[in-house]
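These protein sequences, in sequence, are chains Y and D. Under the working numbering, the final residue of the first sequence carries the number 292; numbering is consecutive throughout. Under the working numbering, the final residue of the second sequence carries the number 411; numbering is consecutive throughout.
For the record, the hints were derived by calculation from the structure and aren't laboratory data. Note that the structure is predicted; figures quoted are calculated from it, not measured.
Covered stretches of chain Y (chain D as the covering partner; in silico rule of three or more C-beta atoms under 8 Å from a C-beta of chain D):
hint, region
1, 90-98
2, 101-115
Derived list of chain D stretches under chain Y, where covered just means 3 residues or more per stretch with a C-beta under 8 Å from a C-beta of chain Y:
hint, region
3, 278-285
4, 342-350
Glycine residues also receive a C-beta, built at the ideal position from the N, C-alpha and C atoms.
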Amino acid sequence: MTNDCLTFRDLTLGYNSHPAIHHLNGVVRKGSLTAVVGANGSGKSTLMKGIVGVLKPMEGGVLRMPGVRTAYLPQQSELDRSFPARVVDLVSLGLWPKRGMLGRYTKEDRESVGKALMAVGLGGFEKRPIDTLSGGQLQRTLFARVLLQDADLILLDEPFNAVDAKTVGDLIQLIKRWHGEERTIMVVVHDLDLVRQNFPETLLLARQPVAWGDTKETLRPENLLKARRFHEAWEENAPWCEPDDHDHGHEHAHDHHAHAHDHHHDHGSGPRAA
Amino acid sequence: MDFLYGLFIAPFADFAFMQRALFGSLMLSLGACPVGVFLMLRRMSLSGDAMAHAILPGAAAGFLLYGLEILPMTIGGLIAGIIVALGAGAVSRFTIQREDASMAAFYLISLAVGVLMVSIRGSSVDLMHVLFGTVLALNNEALILIGGIVVVTLVSLGIFWRALVAECLDPLFLRSVSRMGSPVHFIFLGLVVLNLVGGFQALGTLLSVGLMMLPAAAARFWSVRVEPMCVLAVLIGFASCIAGLLLSYHASLPSGPAIILSAGVVYFCSILFGTRGVLRARIVHHRHRTA
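Isolated chain D, as found in the complex (with noise of 0.2 Å):
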């Protein structure tokens, strides 16, 4: 009993830096997780991969003008994102181009941009810091931005989640009845960025996506319906940010990629075993009914 204690519980009881990383973590789960799940769905997995990317040029001139400060690398980030998920969504609404490569142009731009700013006056120390973040030095303003940046997500979900889904679905037909598509597009690419900007403190603006796409996709394997693929995807955020801190506490490894690897394990788990995964798909076909 007491090995479980102080295998699962101790590392949490009793520091303090451990239930903060805990305590943001979940919270980030529980806003980028369900954003994940969409992004996936509309065949965006990269584009979260490319606006993580893009918010970098945002947070260097915070951290430039600031040094390491929360808030200034945050409202950066949020502006650069934003810039590079409007500019690739009106240019792949308004012209010939598909979002993809007006995705891939913006966020390369960005990306230079940002890595010219980081190199001007920081160390490698520092890019380090910007790119892979620490979720063991979350402080209480990190977490009070974390907390706005769930409810403003889960709210925004829960308002538009029909637009969403119609919008997913069958955008034709959403434009055919009402005039939300575009709208509803931008919201979601700004609850996109929202997230990502949210996640780079405690993750890193590299892995912060990490932690918005691998949950989603495993949920996929495992589910039919819209609803419960979010809910899952949330649970198995929630059970990677616990198993990733304590991996990382025992054995002394860096609490972003633990927790993003933990993701990986339950990905890699949910292709093999899940509902709609492979081994299911070979092995129960065999048997059939009559109609």
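Just chain Y, same shape as in the assembly (with noise of 0.2 Å):
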């Protein structure tokens, strides 16, 4: 149980009363970089909202370990950026945290705000209005803001839009140092070989998990055409989900740690392969 950082019990979320992740089983171990992917609708940002708590569930719930402290980058910010800021007033805001409402930015706060800078390749930016930037070098500083906020889970929704190659490389870098300091990370991502090449699990959703495990063996092709089947419009007429009705013969657990938790209900153990 203690190397589970997040756990998912019978989770369903969605909107309008249509699902958007449906009865998901499973554990996101400590320390460990997973990609999601899927098509559009298939509620990779739900499921961010989900472990953030921006969403609430219709049904079941999240686990997170205790004292686990989050950071979030939206894949739609609701960033204003009219408002009259600088680069490093943003960044700053990672210090939360740390300082909360009231608490002084220290010498090294700041300090630690130039570094994180630095980190994103954006050094010297810091007195730049906002409203200046560019939607790359924005999400640089988002990312900036994330590394300032020293988190144990972080959650990174479709970061790579909008930016360029050279700086995904970057960014790719610095996941991996997290990964190596042994955070837990989640992110969306769409390019495909990109997460063969950097991400060590995936999970593939559609609306259900298609698949969940070592990067290889579900992106798998048999798994990416079942996720590509999937049908993303809500039906008005789907039936109601009744309780058992779902989730018959999905024995098969995700390889590290279905062992390492007991459930208290019908669906299952662990992420599988449906």
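Two chains, two separate frames, one set of hints: put the complex together.
Have a look at this one:
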């Protein structure tokens, strides 16, 4: 149990009684680096929101390891770019978990802001107003903020959008550094080559998990085909999901941690290949 | 020298009511202008106006029950304002309706109730008084009230500054690291109501929002950071109050509109000459650097 950073228990998330994540079970191991892949509308961002707690589950829940600090980089930021702030002001928000609402920023804090900006290749950008940044620069600024949050669990939702190839390389290095520091990382990515090269584990979603585990296994052609057949649209008249109506024949457990926990429900255990 | 003294100093040196008016309006600027900056940055500039209207039934109820007394009218206005702010805020937070629509609905209902209540008893002179106020008749009670409101406003801004900036700049981020998002929004709305109520004895319910918004809107043209913008807004507020009171004294004009119009002049000058204003954007950009 001590090794499970996140435990999904029969987690159903969605909008207007239509599920976007349907009865997800499984465990994200502490210190793991997982890519979350799937078609548009397959529930990737919804899962992220559910983990952060911005979206309340319709059923089931997410158990976080006690005391875990979370950093979340959303796909669609609600950032107001017209707000009169400088890069350094935006990045300094990442000090919130450490300093809270009232704590003073110390000299070390200011130095760490500078270091975080250097790490994403934005050294010297401190004083720039945020409305003068390009899309990619803004994305890197937000990465610097995540860096500063010093979180144990890092959730990145399509972080490589609008970012050039060189910078993607830099950011991947940063993610690998976090991985080396035993942080738990989940990243929503679309580029499967990038996933194969850099992410040890992958969760392939199509509302339900199609496959979850070792990247090479998960991204096998038959799994990808299965995921591609996934029907994105809601069906207005879809039957109501009754208890025990789903999740039969999923005894195939996730490789390394299905044994680590006991479940009090009927939905099988561990992520599995369906 | 005597001419200048007569123009700028004598009105305040010679008349106690002018001193009170100056003191009261300067205090008002100190609290209302920073609140106005955040109101503007949250794109809620017109919400301030709506809130000012929403206060009316509360003030009218106080007026109906106790006559033209500052305290009951203030407390009434405060209650009405808070009901509308909380109601509109709650509807926008918990339903799909945006805050502009819910605010419009709540304030219109409130305004209609207010006009109805004033017309039940008062004459149109009374209504004029509630709507337009008079800074020249600030009594001790009113000054103490304004002083209290300023202290509460500045202390709250000091405490919640970081949360307020985060809530304006990146609300989703704030929600992911803290539960302060919703509380800080309602605290802020409370400050808006408080400052509008503080201003309505001096400037009237309709114009008290002017001292909040116009200096803030003018300061936007001069700064790219929040802190200097707030300081500048307060200074513009101070200048407008002094200029407005002198104008009203020398030209025998009503003081409220004179103060707000002075702020309006600063606003128009800022549009033209501000560092982020029209002229600068048109002229200076003919030259550019190599990188």
